[in-house]
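Trainee: Residue numbers (this note's numbering), protein chains in the order written: chain A, 12 to 248; chain B, 12 to 248.
No lab work stands behind these hints: they were computed from the structure. There could be a bad hint or two in this list.
Which copy is meant is left open, because identical chains are indistinguishable; a pair holds if it fits in one copy or across any two.
Said to hold, decoys possible - Once the Cα atoms are required to be at most 25 Å apart in a straight line, the calculated DSS-like pairs of lysine-lysine come out as:
no.: 1; residue 1: K247; residue 2: K185
no.: 2; residue 1: K103; residue 2: K185
no.: 3; residue 1: K247; residue 2: K15
no.: 4; residue 1: K84; residue 2: K242
no.: 5; residue 1: K84; residue 2: K185
Source: prediction; values computed, not measured.
Given next are the chains, with one letter for each unit.
There are 2 protein chains.
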Amino acid sequence: MSGKLYAMGVGPGASDLITVRAARRLGKLDVLYAPAGRKGGDSLALSIVREYLLPHTEIRTCHFPMSGNDSEKQAVWDEVAQQLEAEVAQGKLVGFITLGDAMLFSTWVFLLARLGRPEWLEIVPGVTSFAAIAARAALPLAMESQSLAVMSCTAPEAELEQALLTHDSVVLMKVYGRLPLVQSLLARLNLFEHAVLMAEASLPGEQCWRRLNQVAADLPLPYFSTVVVNKHWLTKE
Amino acid sequence: MSGKLYAMGVGPGASDLITVRAARRLGKLDVLYAPAGRKGGDSLALSIVREYLLPHTEIRTCHFPMSGNDSEKQAVWDEVAQQLEAEVAQGKLVGFITLGDAMLFSTWVFLLARLGRPEWLEIVPGVTSFAAIAARAALPLAMESQSLAVMSCTAPEAELEQALLTHDSVVLMKVYGRLPLVQSLLARLNLFEHAVLMAEASLPGEQCWRRLNQVAADLPLPYFSTVVVNKHWLTKE
Numbered sequence: 012m013s014g015k016l017y018a019m020g021v022g023p024g025a026s027d028l029i030t031v032r033a034a035r036r037l038g039k040l041d042v043l044y045a046p047a048g049r050k051g052g053d054s055l056a057l058s059i060v061r062e063y064l065l066p067h068t069e070i071r072t073c074h075f076p077m078s079g080n081d082s083e084k085q086a087v088w089d090e091v092a093q094q095l096e097a098e099v100a101q102g103k104l105v106g107f108i109t110l111g112d113a114m115l116f117s118t119w120v121f122l123l124a125r126l127g128r129p130e131w132l133e134i135v136p137g138v139t140s141f142a143a144i145a146a147r148a149a150l151p152l153a154m155e156s157q158s159l160a161v162m163s164c165t166a167p168e169a170e171l172e173q174a175l176l177t178h179d180s181v182v183l184m185k186v187y188g189r190l191p192l193v194q195s196l197l198a199r200l201n202l203f204e205h206a207v208l209m210a211e212a213s214l215p216g217e218q219c220w221r222r223l224n225q226v227a228a229d230l231p232l233p234y235f236s237t238v239v240v241n242k243h244w245l246t247k248e
Numbered sequence: 012m013s014g015k016l017y018a019m020g021v022g023p024g025a026s027d028l029i030t031v032r033a034a035r036r037l038g039k040l041d042v043l044y045a046p047a048g049r050k051g052g053d054s055l056a057l058s059i060v061r062e063y064l065l066p067h068t069e070i071r072t073c074h075f076p077m078s079g080n081d082s083e084k085q086a087v088w089d090e091v092a093q094q095l096e097a098e099v100a101q102g103k104l105v106g107f108i109t110l111g112d113a114m115l116f117s118t119w120v121f122l123l124a125r126l127g128r129p130e131w132l133e134i135v136p137g138v139t140s141f142a143a144i145a146a147r148a149a150l151p152l153a154m155e156s157q158s159l160a161v162m163s164c165t166a167p168e169a170e171l172e173q174a175l176l177t178h179d180s181v182v183l184m185k186v187y188g189r190l191p192l193v194q195s196l197l198a199r200l201n202l203f204e205h206a207v208l209m210a211e212a213s214l215p216g217e218q219c220w221r222r223l224n225q226v227a228a229d230l231p232l233p234y235f236s237t238v239v240v241n242k243h244w245l246t247k248e
């Protein structure tokens, strides 16, 4: 059996922020699985990689429900994991793509939990969204003995506050719909001048706010919006 | 003036784990600055990018002292920042490379602090070492509402312990010379079966240990050694 599965992080959004390795793997695939349906995130992963694909590569978009129904989700993950395994068993070169890095806040991990670590699996790391944000905003993440926490704003407020109190730098992912919460935390901890909010980093619609206290709490944010805080850096205009 | 400075993270070690963007920028440089002198890390950054350089690109290795002498370090950073600025002012395309991502535990940040955010600066993000480790070890970093802390083992022990208590996943960088400390923390917190130790991820000398309680505390580790802990994952052989 010479089939392979390549699980690839394809980076934050710009096509040229994928790795050379991912570009090469994409250029020899028989089948590509692209997750679909998550408020535009899906078509985004596919749009990143399209220029690297062969004309004959079959594209299978797979929809992962975001519902609270656990058994429904598990059934989909089981099914996709079985499909991937079956394609590899037929000797195919199969790709599975996720935004950012493959092992951080990625649907891929649910499939990994089902597939284990077989010989035919190769995971290709990717550039995280927050590395792209730090680069675009020229805001460092951490240096020397400093520490960085990467949090999801879906976590309890007390945990977000604790991270902001404890660490030198904090990445707050999934700000979408939770900007008032983030603003009240930054105000309470006096961190406005150390924070940036960035949406769609590295994409044509990229936006960056360096004065988060002046941003309307009901600002309609794109889905991919992240706040980065560095207590040792002033985010001047 | 058409000069540009590209500050590029060149990833964890394998040449094909740099981004397509960095590869393209490297392929048109007049001058490349490569940090040198840090227990082999330097020549590593240069060896990653060599295949992408033009024959006529001038390579300037710059040594950043690791000494505790702050004024000595500051003088070197001042000087290199001025050199970079001067080369750009001459209309050159200048590159500066760092391992991993440019904004995380990188010497580049000291130069950024001096250069500010001029028009002629572009920062290119890179794949972090811990993303490469997670991929190679098939150990996820975080998912859904979980949190990740990225710590340097040069931080106080109490901070490392707090991070291990608080976060779902923890990356412990700079394990070199501090393995006994890390082992005693993992033992105390009963985390051995959730941890991997990896050295030189993505390089030919890559090594991975999944039974950290069985690793001799005086094991001679390579400089680039990192421990990743995920409380929600068992790091089975």
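Trainee: Hint by hint, say whether it matches the structure.
Mentor: Now the hints, each set against the structure:
1. K247 / K185: within (24 Å within a copy, 31 Å between copies)
2. K103 / K185: neither (35 Å within a copy, 40 Å between copies)
3. K247 / K15: This pair counts as between: shortest inter-copy Cα distance 22 Å, intra-copy 48 Å.
4. K84 / K242: between (39 Å within a copy, 22 Å between copies)
5. K84 / K185: Within one copy only: 20 Å inside, 38 Å across.
When each numbered hint is compared with the structure, a violation occurs for hint 2 only.
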